[in-house]
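Student: Let's have the full structure, built from the sequences with the hints guiding it.
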Amino acid sequence: MNPEISTHPATRHPSWKIWANPIFRRYCRSRLRPRGLGVALLITVLIAGFIFFLSRAIGTHRTSLSLLDAERGSLIPLLVLQALILFVLGTAQVSGGMTAETDEGVIDYQRLIPMSPISKVLGYLFGLPIREYAMVFATLPFTAWALWKGEVASNIWAPLYAVFFTSALTYHLTGLVTGTVVRNRRWAFLVSIGLVFCLYTVIPQMARFGLVFFKYLTITPVFEESLPGLLPRTAGAIVATGQKLAPEVKFFNLGFPEAVFTAFCQGGLILTFIIMLCRRWRRTESLLLGKIWATGFFIWVQLLLLGNALPLIEPGNLFPSREMSRRIMDTDWAPQALEAVGMSGLYGLVTLLLLFAMTNIITPSAEIQIRGWRRVCKEGGSSLPILADAATAFGWVFIMALAGAGGWYVFTQSLVESRWFPGYEVPLSVLEWCTVVMLTGGLGFHALLEAKGGRTVGMAIIFVGIVPLMIGAVLSVSSDRLIPAASWLFGISPASAPLYASATLLSISELPQNLARSLPRAFYFWQTVSAISTVWLIIRLRIARKLIAESAIIRDTTAK
Amino acid sequence: MTINPAIDIRSLRVDYGNFVAVDDLTLTVPPGEVFGLVGPNGAGKTSTFRVLTTLMEPTYGEVILCGVDVIEDIETARRIVGYMPDLAPVPSDLKVGEFLEFHAAAYGLGTRAQRRERVAECLEEVALTDQRGSWCKALSRGQTQRVVLAKTLLHRPRILILDEPASGLDPLARRDLRQALRKLADTGATVFVSSHILSELAEMCSSLCVMNRGKLLASGTVQEVRDQLGRNERTLTVSLLNRQQEAADWLESRASVHDLRVSGQQVVFGFTGTDDDQADLMEGLIQRGLRVRAFEEKRSSFEDILVEVAESNRNA
Numbered sequence: 001m002n003p004e005i006s007t008h009p010a011t012r013h014p015s016w017k018i019w020a021n022p023i024f025r026r027y028c029r030s031r032l033r034p035r036g037l038g039v040a041l042l043i044t045v046l047i048a049g050f051i052f053f054l055s056r057a058i059g060t061h062r063t064s065l066s067l068l069d070a071e072r073g074s075l076i077p078l079l080v081l082q083a084l085i086l087f088v089l090g091t092a093q094v095s096g097g098m099t100a101e102t103d104e105g106v107i108d109y110q111r112l113i114p115m116s117p118i119s120k121v122l123g124y125l126f127g128l129p130i131r132e133y134a135m136v137f138a139t140l141p142f143t144a145w146a147l148w149k150g151e152v153a154s155n156i157w158a159p160l161y162a163v164f165f166t167s168a169l170t171y172h173l174t175g176l177v178t179g180t181v182v183r184n185r186r187w188a189f190l191v192s193i194g195l196v197f198c199l200y201t202v203i204p205q206m207a208r209f210g211l212v213f214f215k216y217l218t219i220t221p222v223f224e225e226s227l228p229g230l231l232p233r234t235a236g237a238i239v240a241t242g243q244k245l246a247p248e249v250k251f252f253n254l255g256f257p258e259a260v261f262t263a264f265c266q267g268g269l270i271l272t273f274i275i276m277l278c279r280r281w282r283r284t285e286s287l288l289l290g291k292i293w294a295t296g297f298f299i300w301v302q303l304l305l306l307g308n309a310l311p312l313i314e315p316g317n318l319f320p321s322r323e324m325s326r327r328i329m330d331t332d333w334a335p336q337a338l339e340a341v342g343m344s345g346l347y348g349l350v351t352l353l354l355l356f357a358m359t360n361i362i363t364p365s366a367e368i369q370i371r372g373w374r375r376v377c378k379e380g381g382s383s384l385p386i387l388a389d390a391a392t393a394f395g396w397v398f399i400m401a402l403a404g405a406g407g408w409y410v411f412t413q414s415l416v417e418s419r420w421f422p423g424y425e426v427p428l429s430v431l432e433w434c435t436v437v438m439l440t441g442g443l444g445f446h447a448l449l450e451a452k453g454g455r456t457v458g459m460a461i462i463f464v465g466i467v468p469l470m471i472g473a474v475l476s477v478s479s480d481r482l483i484p485a486a487s488w489l490f491g492i493s494p495a496s497a498p499l500y501a502s503a504t505l506l507s508i509s510e511l512p513q514n515l516a517r518s519l520p521r522a523f524y525f526w527q528t529v530s531a532i533s534t535v536w537l538i539i540r541l542r543i544a545r546k547l548i549a550e551s552a553i554i555r556d557t558t559a560k
Numbered sequence: 001m002t003i004n005p006a007i008d009i010r011s012l013r014v015d016y017g018n019f020v021a022v023d024d025l026t027l028t029v030p031p032g033e034v035f036g037l038v039g040p041n042g043a044g045k046t047s048t049f050r051v052l053t054t055l056m057e058p059t060y061g062e063v064i065l066c067g068v069d070v071i072e073d074i075e076t077a078r079r080i081v082g083y084m085p086d087l088a089p090v091p092s093d094l095k096v097g098e099f100l101e102f103h104a105a106a107y108g109l110g111t112r113a114q115r116r117e118r119v120a121e122c123l124e125e126v127a128l129t130d131q132r133g134s135w136c137k138a139l140s141r142g143q144t145q146r147v148v149l150a151k152t153l154l155h156r157p158r159i160l161i162l163d164e165p166a167s168g169l170d171p172l173a174r175r176d177l178r179q180a181l182r183k184l185a186d187t188g189a190t191v192f193v194s195s196h197i198l199s200e201l202a203e204m205c206s207s208l209c210v211m212n213r214g215k216l217l218a219s220g221t222v223q224e225v226r227d228q229l230g231r232n233e234r235t236l237t238v239s240l241l242n243r244q245q246e247a248a249d250w251l252e253s254r255a256s257v258h259d260l261r262v263s264g265q266q267v268v269f270g271f272t273g274t275d276d277d278q279a280d281l282m283e284g285l286i287q288r289g290l291r292v293r294a295f296e297e298k299r300s301s302f303e304d305i306l307v308e309v310a311e312s313n314r315n316a
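Protein chains in written order, with our numbering: chain A, 1 to 560; chain B, 1 to 316.
Because the hints were derived from the structure by calculation, they are not lab data. Heads up, some of the hints might be wrong.
[To be verified] In silico EDC-like links for lysine to aspartate or glutamate, alpha-carbon gap of 20 Å or less: (1) B:K137 - A:D108; (2) B:K95 - B:D69; (3) A:K452 - B:D15; (4) A:K378 - B:D15.
Tutor: Written out as structure tokens, the structure reads:
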């Protein structure tokens, strides 16, 4: 062979050597050019300097704070600025940069370069937001000065900034996954910013209703824990006193520092995102997660949800009304029965939505199934490997549905059989119904998706999942007489099933009179319909899969 | 000893939902060839190339490059192949030198000095040495194509896959591209190049294949392709000094003659026979005592044939 034409020896770029990563260096070059970087740094330093000196001046001259306390005044505004730069601008840059690569078409070059998928992911993860890192770095002298002169202990700021970094990674990975999955640049930008916004606004609200785990996907818990040390001493002492009344976080009664637990929660998500990206870099057609990983992730989230929630039931800190009672100094507080029913329903709903999301990730399309069968034929096999992307996700959805039902039941049982509702028990029949709700929802969704494809599922979500809720909402506010009819309409949507199940099956709370008859009936009726539909869809799925397998085998035989 | 083909495509099929982009394509390309892939837009050229370059997994079929299965051994296949996609995109935020050095580093081409040297070599090969410091976004279309070609050559691939490389190039640049590809083929590389500028490919390639609507219509040398497409057709014009109608009647009775018309002294007709048949035809006319003044042959251009094939397929 001509020496000119040779396959170059495989040079693997060690993934951990970020500074030597060609993709990282490529972005260092393009995003750290003096002109662009200079302007960004100038603006950042101006704003950070303004915040620092203004806070200091106010503390020193306009209040009676000591110099030490005045120095601390700039820490939180600086942290907010750093969060804005790294969380918002950084995430937008990551998702926008990724979709720009796809848009321009240069992503194909990067696919072909002989670097490991993990090296590519890390190159993009740290390379795309490199200017934002530089901007945050430019604010650090002000922070360092304030920490030093404000005598903030390292055990306060070190965990805070460690979690600040892991949170940034979580959000940047969210942006990277969005940029990889969503092809349209504008949509990717909007979705990633929307996700970050949700993480800070919607998801912490779920923590108020018993799903405490979601709070740990943000920097908030560690920030709150560090707050007394970051504020001027008097204010810090007040906050610290308030915090003694606030719920402390436990995981199955194991005492973890907030920072460690946050890092643990975010670490799982970071790892999952990296796996998704690596799979996509390895093969564009791959499903985002393998079946075992997706099932494991689902169970892990269930464990975290339960582990955070259960220890808070006995002291009453899990109930949303507890916080309100503290504010109004209500010493005779006790949770409402309806509150517990709502919390149980919300747990079931979140579990069901997570089940849908995981099912969507691991369910193979017809094309993936055909490719899988082609490989099987080529290797002389007669069935798809159980863990292959092309294999049916049925069994895995079944396992997740059972795990979800189990988690939901344990949560509900712990809630209802707690000291707050003496004399009440959650019978085993509730577990059976929890299982029915999860199985009909999960397997029905899966069978429809695998047999008919994403478009049909999209239409089903609109017309079965959302439209009945909309019509029901309009009816229910139009007249009290229409509420029973509205409850029947709401019941069509699978999203209402967990709430209906909790309301119907838990005896601790009496339903309002106008719902007492209609809601349980609607629940049982629609669950029956749902179960029959699911069985029919599963039969259709079996037929569809058989047809695909036969056509692939016939095609292969003909080709040979 | 048998030489393994550089590219071996077996029963390749690519589906996008219900649309079949490539349908049962089987093709082999020997090493060291400049092989052309011709077809109109939507013929399946780019899909075929994306499978060859590991960017897409086919629905069915196998693709072997220099003995490496591209579906099973992606990493090795990627080292063998150099790919220049259609429209040859370049990043807008890098300079030419930076773009090439990034790829040289990503392919692990030795030390920094060696990489810079290799970049200089490749830029020289595409006659863009003076543009090393220019922004990629500031280049003309032709220059962009050449920069991407330089990037494709960096790691000295054994198989070069070039999707419409000549589009946007001026005649001079096309000539340079032709020479560069021939030079590469002379060093043992296999070049698989697509275009719908057919005359360009006919000049550039040692052999080619024709695709339309995902199907392979013909492959081989230009003449073989012509024969396989059943378009070994020519238009003959016989100029006669006398008895034109008698000549027309006799010609019309011949099997290979069709679409005959008489126009003044000339009899014009389509002819699908062989060269021997054509010689017999001339001899027959003269033997009949007809005064043949001139005998003119006009063959359909390759481009005409393909346009006709594409049209007939579209109508079908």
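Student: Please go over all the hints and tell whether each is borne out by the structure.
Tutor: Hints and how they fare:
no. : hint            : result
1   : B:K137 - A:D108 : holds, 18 Å
2   : B:K95 - B:D69   : violated, 35 Å
3   : A:K452 - B:D15  : holds, 17 Å
4   : A:K378 - B:D15  : holds, 18 Å
Hint violations for this structure: number 2 only, all remaining hints satisfied.
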